[in-house]
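Starting from the structure of chain A, add chain B where the hints point.
Protein chains in written order, with my numbering: chain A, 1 to 421; chain B, 1 to 884.
Quick caveat, the hints were computed from the structure, so don't treat them as lab data.
Be aware that one or more of the hints could be misleading.
Beyond 10 Å from chain B on every Cβ pair, some chain A residues (computed) [unchecked claim]:
#1 His-42
#2 Glu-184
#3 Gln-334
#4 Leu-353
Selected chain B positions facing chain A (Cβ under 7 Å, derived; list incomplete) [stated by the list, open to error]:
#5 Tyr-759
#6 Glu-760
#7 Glu-763
#8 Thr-765
#9 Asp-766
#10 Glu-767
#11 Ile-768
#12 Asn-769
#13 Leu-795
#14 Ala-855
#15 Val-857
Small disclaimer: the values here were computed from a predicted structure and weren't measured.
Think of the CB as a built atom: it goes at the ideal place given N, C-alpha and C, for glycine as much as any other residue.
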Amino acid sequence: MTATRKNLLIIGNGMTTTRFLEQMIKHGKGGYDISVFGDEPHAGYNRILLSPLLSGEQQLEDIITHPQDWYRDNDIKLFTQTRINAIDTAAKTVTDASGKTYPFDALVIAIGSQPYLPDLPGNMLDGVFTYRTIDDVNAMQDLIPGARHAVVIGGGLLGLEVAHGLNTQGLDVTVCHRGPVLMERQLDIISSGYLQTSLESRGIVIRTEANTVGLAGDGNVNKVILDDGTELAADIVVFAVGIRPSIELAMAAGLDCDKGIVVNDQMQGSVPGIAALGECAQHRGQTYGLVAPLYEQAEVCARYLCGDNNASYHGSVLATSLKVTGIKLFSAGQFNEEKGCQVMQLKDPYNFLYRKLVFRQRQLVGALLLGDVTAASWYRDLIEAGEVLEHISEQMIYGEPGASKQVVEPVQDAMADANHA
Amino acid sequence: MPEAQDTCSVKTTCPYCGVGCGVIATKDTGNNVTIKGDSKHPANLGRLCSKGSALGETVDLDNRLLTPVVDNQQVSWDEALNTVAQRFKTTIEQHGPESVAFYVSGQLLTEDYYVANKLMKGFIGTANIDTNSRLCMSSAVAGHKRAFGTDTVGPCYEDLEQADAIAIIGSNFAWCHPVLYQRIEAARKKNKTRVIVIDPRRTHSCDSADLHLAIKPGTDGILFNGLLSFLMKNDCLDKCFIDQHTEGFEQAIDMAMSSASDIDMVAHRCDLNVKDVTEFYTLFANTEKFISFFSMGINQSSSGVDKVNAIINTHLATGRIGRPGMGAFSITGQPNAMGGREVGGLASTLAAHMDFTDADISRVQRFWNSPLIASKEGLKAVDLFHNVREGKIKALWIMATNPAVSIPNAGAVDEAMKKCDFVVVSDCTRQTDTTRYADVLLPAQAWGEKSGTVTNSERRISRQRSFLPAAGDAMPDWWIICKVAERMGFKDGFGFSSEAAIFREHAALSGFENEGQRDFDISGLADIDDVEYELLPPMQWPINRDNPKGTQRLLQNGRFYTMSGKARFVPVQPRLPVETTGVRFPLVLNTGRVRDQWHTMTRTAKSQRLSRHIREPFVQCHPKTARAHGLVHGQLTHIESKWGSVLVRTDITERQRKGELFIPLHWNDQYSARARVDAVVNPHVDPISGQPEFKHTPVMAKPVLHSWFGFMLSRKEYKLDCTYWTKLREADNWRYEFSDSEAHDLAWFKKHLLNGRDYEWVEFTDEINEVNRYLWFDESGLQGCVFTAAEYEKLPSREWLSTQFTEFELPWKHRVRMLAGENDSNKTDCGEVICSCFNVGKKTILEFIRNSTSANVEEIGEQLRAGTNCGSCRPELKCLIKEA
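The shape of chain A in the complex, shown without the other chains:
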């Protein structure tokens, strides 16, 4: 045993961090004493399960993945409700909100992102929320008993999850989405239409191409105003219009930042000894908001810190494999038709089954699956490989040759196993 143990500090205690910690443990911790700083009061929890928490389908204890005991058992110091305000790269210390400093030999920044709150009139009224944390959910739940109408602004993944949660709680929910396509980063116009039909059948009102211009209310919000003059009654308004990687702390410390904190293939930032992971990191120009790439990053970084110099991250194909309110989705690559591409698609709107493959010069460049995603990994591999396909059979739409062509029935279960971070 050496007398000089090294300190590894991790700022942020989200899902990327817990995966990173698991990987450090798996690879022997590299001789580090590990401390984690989280600004929430909770230990590690599954942020993906905020929606069932909101809908009441799950309880708080169901979504805690790493309780305090886990940290203690693994000899990791967890500082909850501890916000790190500054990093001194020269002194190799960080300072928390109370002024206390902590030295480090290695530092990992994994503080994720913040929800974007547009600068609209009324956005500070009571009853107006963003949606990221257990605290957000708790605050909404406090209002639910006296509320009747909820408006969710933003028809992306998070917005639809919130809408589903609030709808399940018995509220009349309207989703206002700016563009014509819901979840436009994951869906095309057809699959968006299927999803819209599905959500509407559950009682959620969807307004696409609905541009919110302001909120109004007296202390508490009571309506949302659209640019066509429509006023929507609202006791609760949730903004889910995007996230911003949290880079202020790193910028102030002098790390190179762009959209996110710029890192290399080992997830190391521009200052030696400081790594960044997850939604706040920018690798090869790309930031990621979904859990699969973040987990890959966490593993690479852990192996590197444990002495594996071959550990290297090469980026992820933008593949989304997730489940919104019980409907399975997968999309990857360029799944929207563009000039020069050829499309193979299967549409079964009455079963919410949709499959679309996009080819360009005999390469598979995009895939979109709705309802059944069993073939997703095969398509993702093909898109990643980027090979010119000699023979493209129409049977490709049914998945890998040899695999059963039986499509898995889209189970409308409550347990959302979506994995957005």
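Structure of chain B alone, referenced to chain A:
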């Protein structure tokens, strides 16, 4: 047992070909009809072919004409009958009797035929009644009359079993008269009967033959004149018979020797090799018990009558006639072609095998007590429709036939009916290519409902009996004719109370002042009562005082019905077909039947079993012809003559001679976009018989390259609107094959295939492979599917997909598998159905043969059951054994 009262079994006769098989039809409580062969019936002894076996599948009421219709309005019988009677009466008053005509059918029963003929010839007073038998065997009739003085078919079916050699001339009897084929095949096992097939096509009838002469179309006269010369040169004549029982030998042999004395020349002109011709001639010369079995390949020719006589000449020259196991044997194509001949239903005969001689006219007029009798032959089928088109015939009554499909130059027939002032159609089918021109539609009873008699190719009169209630308002044809006759003012001659009453009069006429002068004599049945008529067993005419139980063979004892009592040799100067090929129309088109369809498909196409043998109209051609004309197997070919065109699927096969094409006669506008082959066929006829030259039309052929191909399976029937389509019946759905060049998408389908109605859709589109697939559903479940592809071969098997229609509820996982065209197990996809009786497909059979070291037809039968019921597929099984 109580159930016994609910089922009834009736002995009746098959309504298809001229073999005239006995059938036992059993109807259960649910009106399901099961069919089996009547083992007591002498024609078939229990055997049935695929078509006969499937009769139970054809008695449903789909597309049945159920009520009288005048000007597209349903009306009462009274109104319909009055309309027909009135229009015929006023037309005759204004334009004379020659301005009206009946066009009738070998599908009519003898009793129907009798009153139709009586009305036209004996009361309206013109012989403008002709029959679709004109198209089938009128050359044989004329040939018989020239040789024997009467239209006498001497031999019987047993002769086929007693012969030592049989020449099958111009007949694919394995497919067209399958029960006779089987009787011969069975006899061959014992007798080693030699079989020679003379046919331009290597049909399935050739598969078990000892010799096949793939003769150049139209040269049969040369071949048989050559045979007569050969017999002369080789001293094989029966000089005694010639001297005592014939006349005209000298002229006939002179003509034969001058036209075909040399085998090398015969072989050259018939495009055969000398060895084969010599083998045939030698076999004939050396075989006393020799039967020349001939059919449409001989008859359907502009020199058909001469060809018939060229064949008969060889039998007269050898005295091989009127004795067991020998003779020239004409086989008819229709169930009651012979009955039509007997009543005089052809425009060229008067009645009961009497002609337009003064004596016969007087006799028949006295018998009928007729006010005005036809004094000369009437218009024969092709001429009749020509006169309709010219406006000379102003009122036309079509009974039980579909001339818009079956008469050559069918486009002109369309035009004729369109122009005709008044067209009446009595039929059991609502929608045919002909009914669309009708001013009046009269619902006739169908097989199973109607009752009467038919005569088969061996002169055997059998009862067709009723075992089903009449559909809707349908009535027997004889009733319809008699009611019209009465309303036209002919009250006296048509007050028949039953078909038995008509039969008695018909039998009486046959014996009236006969004294053995006329071959057709069934006077022995003139006094039978209704019960005896009901129970009438199958009997061969003549049936009279001398032969009360009927007569197995005619033309025995060297006695014939000519003035001199001697048979006549007819000198034959061989003539080639009228139209010759040239630069513009370089190929020769032949037409004929396929195994599992009948005529214009109004009944056989109702059977899904029968529809699975050959599913689409096709053209067969030799590989070299295909190459020369750019035709591709499985693709479409456009075939065009001076008269019209068709669009059919290409089947490249070495069974065809080079430069010659074959297209089946069955398909029409009800079943395909443009496959009515008689629109292409030339209208030339034999100058004596008036029978058209169906077997020889010069045509051109070119490939039609459509940009996409598809098929649709649907519960409902649709009227498709695309360049090529064809329709067939499957167990639970209709199947359409189609193709086009116009760009298509789902909207196109909805418009062109489904007439705009919307459903719940599942879609698959693939821009890379240019594949589109759609399923549609309504509240009750799966309604249909459409598959298209840029290449025909990329379409999946229809077999498995069809099985998805057995249930309405389609588990949703199956939707995706249906779109994939997926085939869960190879067993369900058995390929083209070879054995219609047991539904055994080509793939299944081939697989079995390949897995077996010594597969033969019997073993296939034991293991797969194929070929063990009707046996119609046995020639094809033999072929598959060779193929595998």
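Hints, one by one, checked against the model:
no., hint, result
1, His-42, "42 Å, holds"
2, Glu-184, "22 Å, holds"
3, Gln-334, "15 Å, holds"
4, Leu-353, "7 Å, violated"
5, Tyr-759, "11 Å, violated"
6, Glu-760, "5 Å, holds"
7, Glu-763, "4 Å, holds"
8, Thr-765, "6 Å, holds"
9, Asp-766, "4 Å, holds"
10, Glu-767, "4 Å, holds"
11, Ile-768, "5 Å, holds"
12, Asn-769, "5 Å, holds"
13, Leu-795, "11 Å, violated"
14, Ala-855, "33 Å, violated"
15, Val-857, "38 Å, violated"
Of the numbered hints given earlier, the model fails hints 4, 5, 13, 14 and 15; all others are met.
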